[in-house]
Amino acid sequence: MERIDFNHARIGWCCRESGISLRTLASETGVAEATLSKAAEGERGLSFAQLKRIADYFGRGVLFFMEEGEANPVTIHTAAFRSIANQKPTINNKLRNLIERAERQRDIYLDLVSDIENEDIARFAPPEISENVKEAAHATREWLCLKKHSTFEQYRTAVEAKGILVFRSNGYHGQWQIAKENPVLGFSLYSEECPLIFVKKQYVETLQTFTLMHELGHILLHNESSIDDDGDFHNASGHEKEANEFAGLVLVPDSFLRLIELGSKPDDAEDFDDWLEPQRKAWGVSGEVIIRRLRDEGFIRNDEYEAYRSYRARLKMPELDQSGNRAFRHREPKHIFGDGFVRVVLDSLNARNISLAKASTYLDGIKIRDIDSLKEFYVGI
Numbered sequence: 001m002e003r004i005d006f007n008h009a010r011i012g013w014c015c016r017e018s019g020i021s022l023r024t025l026a027s028e029t030g031v032a033e034a035t036l037s038k039a040a041e042g043e044r045g046l047s048f049a050q051l052k053r054i055a056d057y058f059g060r061g062v063l064f065f066m067e068e069g070e071a072n073p074v075t076i077h078t079a080a081f082r083s084i085a086n087q088k089p090t091i092n093n094k095l096r097n098l099i100e101r102a103e104r105q106r107d108i109y110l111d112l113v114s115d116i117e118n119e120d121i122a123r124f125a126p127p128e129i130s131e132n133v134k135e136a137a138h139a140t141r142e143w144l145c146l147k148k149h150s151t152f153e154q155y156r157t158a159v160e161a162k163g164i165l166v167f168r169s170n171g172y173h174g175q176w177q178i179a180k181e182n183p184v185l186g187f188s189l190y191s192e193e194c195p196l197i198f199v200k201k202q203y204v205e206t207l208q209t210f211t212l213m214h215e216l217g218h219i220l221l222h223n224e225s226s227i228d229d230d231g232d233f234h235n236a237s238g239h240e241k242e243a244n245e246f247a248g249l250v251l252v253p254d255s256f257l258r259l260i261e262l263g264s265k266p267d268d269a270e271d272f273d274d275w276l277e278p279q280r281k282a283w284g285v286s287g288e289v290i291i292r293r294l295r296d297e298g299f300i301r302n303d304e305y306e307a308y309r310s311y312r313a314r315l316k317m318p319e320l321d322q323s324g325n326r327a328f329r330h331r332e333p334k335h336i337f338g339d340g341f342v343r344v345v346l347d348s349l350n351a352r353n354i355s356l357a358k359a360s361t362y363l364d365g366i367k368i369r370d371i372d373s374l375k376e377f378y379v380g381i
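First residue of the sequence shown: 1, per UniProt numbering; consecutive thereafter.
Some hints could be false.
[Claimed, not checked] Derived Cβ-Cβ restraints for the label pairs, each shown as a range:
no., residue 1, residue 2, range
1, Pro73, Arg123, 37 to 45 Å
2, Asp268, Glu33, 53 to 61 Å
3, Glu205, Gly163, 21 to 29 Å
4, Glu306, Gly19, 33 to 41 Å
5, Thr151, Ile76, 22 to 30 Å
6, Pro126, Pro183, 23 to 31 Å
7, Asp230, Gly19, 20 to 28 Å
[Unchecked claim] In silico DSS-like cross-links for lysine-lysine, where the CA-CA straight-line distance does not exceed 27 Å:
no., residue 1, residue 2
8, Lys201, Lys281
9, Lys281, Lys265
10, Lys334, Lys375
11, Lys134, Lys162
Think of the hints as simulated: they come from the structure by calculation, not from any bench. Each residue gets a CB set at the ideal place from its N, CA and C atoms; glycine is no exception.
Using the sequences and the hints, build the whole thing.
Take a look at the structure:
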């Protein structure tokens, strides 16, 4: 087996950046720990196949390990990625790779857009935002042209129409998924040119919707990148509190609250979902979002809200099936990357700016016949 020489120190650097040991790297890549140890110390080379498995695991190209000199985080990681990594130093390697992969996908989108003559492509131009969160949420509803949107896809479409990419975890190959046991629910990558929001697919769609608006809050209120788990959605301080308040106000404005019959509120928190069922369905939000808004406006007590949360925590949610249906494989890129991204790829393909092979790569690796089916799906055949 032919071995190649490379920058041995970068194995150790990648392990330290990811917070893993050589033993973990060996387990994840199938390269023996003893082999990795000798390679990291510069005592022996690796085969190309072994080095590629290591590079793939860390989300890097093989050339990264061939470059001379020390790895510089400032030039290797973007400012957005460094911001997220500082917020959640314990995020695992697969999630780190996903964040960087999403950034690269956005770069691809911007490159394709620059070569397309299409004035209909949405450009990010944020509204004037007040420091008052309630006023900011009201301005955002008007900016998004929201009326009574009631599904995640409708809210997603409204956000995408303002030049923000909205990705959702899923996919057949697993590279766009967030593990179900991972508490992270989403992240946002701020950019003055094209922000990106990534939402974890959930069995309960209303949680996806709240995640979308929470991340939008970080973009519009704070002009920052962020990564959020379930704990952040109940944080009572700082930027997370503001993002939570913003999301609740965008989804359930004061005008919606006035439609609730407060006189029929049940005494038992376990009956709140039945009480609010018409509103939950009409507005496409969870009972908790409505109840938290009612609490914040002084219409219910905090102990009632906490009793409801405790009740919901005891309920077991069904497992989400992420296996996918091969018959609808051609639609999967739209579910993952959103309508705007897919249309730009197809427009670039039709303009012959990219090859079929490139289009396949950009669209989650779908096959050529799936690209044809995707085109037919878009023209309504």
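Inset, instruction - Kindly indicate which numbered hints from before are broken by the structure, ordering the numbers from low to high. - result: The structure breaks hints 1 and 5; every other hint is satisfied.
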